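J.: The whole structure should be built from the sequences, with the hints applied where relevant.
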Amino acid sequence: MRGIAASPGIAIGKIFIINEEKLEISQDKIAEERVIAELDILQGAIEKTKQEIKSLKEQTGKRLGPEQAEIFAAHLMFLEDPEFIASIKSEIKKNKLRAEAAVARVADRFIQLLATVEDEYLLARQADIRDVGQRIIRIISGVGWKSLDFNDKMVIVAKELTPSDTARLNPEQVLALVTAEGSRTSHAVIIARSLGIPAVVGVGRELLAEVSNGSEVIVDGIDGLVLIEPSEERKAQYHSKIKSLAEEQQRVNSYQDKKAVTRDGEEIKVVGNIGNLTELEHILARGGEGIGLFRTEFLYLNREQPPSEEEQFSVYKLTAEKLKGKPLIIRTLDIGGDKELSFLNLPAEENPFLGYRAIRLCLERTDLFKVQLRAILKASFYGNIKVMYPMISSLEELRAANRVLENCRQELSAAGINYNPGLEIGVMIEIPAAVVIADLLAKEVDFFSIGTNDLIQYTLAVDRTNERVADLYTPYHPSVLRLIRQTIDAGHQAGIWVGMCGEAAGDELLLPFLLGSQLDEFSMSAVSILRIKELLARWTRKEAAVLAERVMELSSTDEVRAYLAKSLR
Amino acid sequence: MMVRKEAIIKNKTGLHARPAARFVQLTKKYQSELKIICDDREVNAKSIMGVLSIGAVKGKKIILVADGKDEKEAVAEMVQFIEDELSAIDQDNLAKE
Numbered sequence: 001m002r003g004i005a006a007s008p009g010i011a012i013g014k015i016f017i018i019n020e021e022k023l024e025i026s027q028d029k030i031a032e033e034r035v036i037a038e039l040d041i042l043q044g045a046i047e048k049t050k051q052e053i054k055s056l057k058e059q060t061g062k063r064l065g066p067e068q069a070e071i072f073a074a075h076l077m078f079l080e081d082p083e084f085i086a087s088i089k090s091e092i093k094k095n096k097l098r099a100e101a102a103v104a105r106v107a108d109r110f111i112q113l114l115a116t117v118e119d120e121y122l123l124a125r126q127a128d129i130r131d132v133g134q135r136i137i138r139i140i141s142g143v144g145w146k147s148l149d150f151n152d153k154m155v156i157v158a159k160e161l162t163p164s165d166t167a168r169l170n171p172e173q174v175l176a177l178v179t180a181e182g183s184r185t186s187h188a189v190i191i192a193r194s195l196g197i198p199a200v201v202g203v204g205r206e207l208l209a210e211v212s213n214g215s216e217v218i219v220d221g222i223d224g225l226v227l228i229e230p231s232e233e234r235k236a237q238y239h240s241k242i243k244s245l246a247e248e249q250q251r252v253n254s255y256q257d258k259k260a261v262t263r264d265g266e267e268i269k270v271v272g273n274i275g276n277l278t279e280l281e282h283i284l285a286r287g288g289e290g291i292g293l294f295r296t297e298f299l300y301l302n303r304e305q306p307p308s309e310e311e312q313f314s315v316y317k318l319t320a321e322k323l324k325g326k327p328l329i330i331r332t333l334d335i336g337g338d339k340e341l342s343f344l345n346l347p348a349e350e351n352p353f354l355g356y357r358a359i360r361l362c363l364e365r366t367d368l369f370k371v372q373l374r375a376i377l378k379a380s381f382y383g384n385i386k387v388m389y390p391m392i393s394s395l396e397e398l399r400a401a402n403r404v405l406e407n408c409r410q411e412l413s414a415a416g417i418n419y420n421p422g423l424e425i426g427v428m429i430e431i432p433a434a435v436v437i438a439d440l441l442a443k444e445v446d447f448f449s450i451g452t453n454d455l456i457q458y459t460l461a462v463d464r465t466n467e468r469v470a471d472l473y474t475p476y477h478p479s480v481l482r483l484i485r486q487t488i489d490a491g492h493q494a495g496i497w498v499g500m501c502g503e504a505a506g507d508e509l510l511l512p513f514l515l516g517s518q519l520d521e522f523s524m525s526a527v528s529i530l531r532i533k534e535l536l537a538r539w540t541r542k543e544a545a546v547l548a549e550r551v552m553e554l555s556s557t558d559e560v561r562a563y564l565a566k567s568l569r
Numbered sequence: 001m002m003v004r005k006e007a008i009i010k011n012k013t014g015l016h017a018r019p020a021a022r023f024v025q026l027t028k029k030y031q032s033e034l035k036i037i038c039d040d041r042e043v044n045a046k047s048i049m050g051v052l053s054i055g056a057v058k059g060k061k062i063i064l065v066a067d068g069k070d071e072k073e074a075v076a077e078m079v080q081f082i083e084d085e086l087s088a089i090d091q092d093n094l095a096k097e
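Protein sequence lines, in the order shown, are assigned to chains Z and S. Going by our numbering, the final residue of the first sequence carries number 569, and the count climbs one at a time with no gaps. Going by our numbering, the final residue of the second sequence carries number 97, and the count climbs one at a time with no gaps.
Label-pair ranges, simulated between beta-carbon atoms: (1) Z:Lys-258 x S:Ala-21: 43 to 51 Å; (2) S:Ala-21 x Z:Ser-194: 15 to 23 Å; (3) Z:Arg-409 x S:Arg-41: 54 to 62 Å; (4) Z:Ala-285 x S:Asp-70: 49 to 57 Å.
I should point out that these hints are in silico values taken from the structure, not numbers from a laboratory. Every value quoted in this text rests on a predicted model; they were computed, and no experiment measured them. Cβ coordinates follow ideal geometry from the N, Cα and C atoms, glycine included.
T.: Pasting the structure below:
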């Protein structure tokens, strides 16, 4: 059976089924004089439920972290919802229902209410209301939870795992999770991922019909497969898969302290993309040779005033110092359009990706831009800092930005403030127009960094956050590969170096193509670094160049992908 | 007396998901009866389930109503939340991405 691969890893073990228990609820009407007693019972049960959820929240928070406990805060909110409580009371008073029947009816009604809007978030809240309702009903009717104690480690199978179910499981006894319903954002899945427990969800209704307690199963959380009563052959196959996964992890980890070198010993610049200082630590821990993209937006978000020169200076200086002479490329503010800043008060745009953002905004709001450039210049005195402008589409923009920078230099010189006069200036190549005029841009900058995320979006006219067209978004499209090549060649012809800071730089399949196309610097998020270092060690530039030539001759995305997959070493 | 005021939802998420929870947190402290009206539907502004169910998405006009001792303050704070804090929550989400 196939489901959604929700948490990676493979497990082989015996099944333990958690059945949905149907609670018997009497719909008998109560006598008028019972009303007050039922209301008291309800009140008591709600208080007790709150206590239980609070202690679950505390335990989960302590064991797994605040993010994992957040769901129970939502449960408490439902218990404190005045409409919810008032509606239950009114069912008891007006319709003379027993307390548990009133809870069940009102919970159902609210679930229906949220079901009118189709939305993943509301779908999850419906499950929460059901979970809370069940908990109150259990307390009122004195039906305890079925014990989930078992001795061996088991594979848990259920229709759906509510947060309450999940909290009752001892993670040490859980080999894997499999559910008929659920999504990648279910509470149980979030917990499984944080504990490294493999999970496959959304397998479908037939799941429970086909499993029985104690039967053997293979759960493949990488490919989303559930294999019931597998053959000995299959089991052997998966046992060796488990072993090789563990070995691969170990091998990849061994690259932590190794330099990024090709098989014939050429050192390659593998650097990191960061958006805050925590991520810097992750890059350094994996042996990143610097920072190829420092997104500065985090400094500006969630505040009423833009960050001062002093504040920015201290962040840039600290980052550069932590890098101990390794390069730090600071990208100037890339905001506007769909990323709003409250203090800018920008009106919403019809087409934010083609709108007022990044350098376009900075060149108009030179007050903001100058503060950032002055801070970068001042920090450049204390480390190996370079500056990079985003969203450049013309020479005019580049020159205008450089004029503002020059202006800042003069101000600092006049005030006798130190900065690095040789600060390297680069542009992000992320708009097709910039690729087309790359030869012209290259004459006026020190480096290029190809921003593939936007470059792909603008080249293929695909908004990758739009699910309907997301599968058209691909770095393997021949047009994208040609643009990458063109940029690298134009840069090299003008004698400047060319890096890449989009996600494509950490793409395993694309790596030999980029290496063979003579890319000088690979900048990626921390998770990709070790794997890329490992892959680099299997190639020489010469071999990769042969592959790159061959790839340039291919005419479709499918051909490119297939060829690169075949060449993966 | 009763205080009524209009507001327009400007943020991407709307008055929904986490923002709805934050909104209900702030309404709880008022004694007045608080309501939100959206597309002719009226819900209790202190009820998380009510607020979630009205579908107040970006661009929707909503009316905030308060009736009681602290009605003025309540409406002012609700409007302020809708107009200012909601967009800050958007940025919060952006920062997490």
